[in-house]
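Engineer: Sequence:
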Amino acid sequence: MDVSWDLTLNAIVSGIMLGGFYAAVAVGITIAFGMLDIVNIAHPAFIVVGAFLAYISINTLGIDPFAMAPIFAALGFVGGRLFYRAYYHFFERRGDESLQGLAFFFGIMFIVEIGLVLTFGVDYRLVDLSYLGSTYTLGFVQFPLRLLAPCLIGIAMVAAVQLYLAKTFTGRAILAVAQDPEAVRLVGADPIHTKEIAFGIAVATAIAAGVLLIIIQPVEPSSGREFIGRVFAICVLGGIASLPGTLIAAMILGIAETLTSTYFGPSWSPAVAFGVLLLTLAVRPTGILGR
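The working numbering applies: residue 682 is where the sequence shown begins, and numbers increase by one.
No lab work stands behind these hints: they were computed from the structure.
Honestly, I wouldn't trust all of these hints.
Claimed, not checked - Now the in silico label distances, taken between C-beta atoms and shown as ranges:
(1) 866 - 687: 55 to 61 Å
(2) 801 - 693: 33 to 39 Å
(3) 770 - 959: 34 to 40 Å
(4) 763 - 851: 16 to 22 Å
(5) 966 - 689: 26 to 32 Å
(6) 784 - 763: 36 to 42 Å
(7) 817 - 966: 26 to 32 Å
(8) 767 - 821: 48 to 54 Å
On a predicted model such as this, the values are computed, not experimentally measured, just so you know.
Cβ atoms here follow ideal geometry from the backbone N, Cα and C, with glycine treated the same way.
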């Protein structure tokens, strides 16, 4: 294997930019799985819903999807709260949230996919924004705006959610509810309402990440399946319930994937990425920033 330092550095930079996008994709699963202990296997399907909403925005409404992203995220927040209400009513309050709850989200995933197929067909769709076609160059390192913009937005999403969790009463209640729901009651917060808000945030970030996804690559209704393993891997690798850890883990996987794709071919990327996960867990089972 011939090593070109120019090629390697570009691959690393591309991996960092890809990692910023991966962080946006995984932040919702860190909340749902890491903080609420809800195995939301339908999370990638919600991402694809966001991608198709972006497609409708530009191709049907003629509105820039970035401008519509806050509205899409708000709809996702409302939908996420309704999903949690259903999950709590039928499963969590009866103590059936493990296998039955997993089946619930599997069902949602397939219903969403079928609905998208019936609405849009199985063809790949892509959002083409002219201002994202440029590439910035620093020396021999290239920064495609189509990848740089989702990276920066993804990092901003993680920072915003982390700031909300750390600085607001509801955010601190979300951090506490996964550890001790009864203690949350003692400080005047309702654990169920708190989890409902947290799950709404998780789905809202998934919808927003979908807008970024269709900017980067074409999507079709089942595109989310390729992210199922990746988002859980990032969540575990970074440390359960750690958003800074999620960002670091996303960067690690992004770099691992781009280096592998560059020198060994894209088919090896998932194997190497999960190899990094297994190695990290062997050395530190709690993840990078886990306690």
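Engineer: Within 34 to 40 Å: is that where the Cβ-Cβ distance between residue 770 and residue 959 falls?
Structural biologist: About 37 Å separates the Cβ atoms of residue 770 and residue 959, which means 34 to 40 Å holds.
Engineer: With respect to the beta-carbon atoms only, verify the hint that residue 801 and residue 693 lie 33 to 39 Å apart.
Structural biologist: The hinted range 33 to 39 Å holds for residue 801 and residue 693, with Cβ atoms some 36 Å apart.
Engineer: Verify the CB-CB distance for residue 784 and residue 763 against the hinted window 36 to 42 Å.
Structural biologist: violated (19 Å)
Engineer: Given the hint of 16 to 22 Å, check if residue 763 and residue 851 actually sit that far apart at their C-beta atoms.
Structural biologist: holds (18 Å)
Engineer: Can you let me know if the beta-carbon spacing of residue 767 and residue 821 is within 48 to 54 Å?
Structural biologist: holds (53 Å)
Engineer: CB of residue 966 to CB of residue 689, is that within 26 to 32 Å?
Structural biologist: Because 31 Å falls inside the window, the suggested range holds.
Engineer: Do residue 866 and residue 687 keep their Cβ atoms within the hinted range of 55 to 61 Å?
Structural biologist: holds (58 Å)
Engineer: Holds or violated: the 26 to 32 Å window for the beta-carbon distance between residue 817 and residue 966?
Structural biologist: Violated - the Cβ-Cβ distance for residue 817 and residue 966, about 40 Å, lies outside 26 to 32 Å.
In the structure shown, a violation is registered for the earlier hints numbered 6 and 7, in ascending order.
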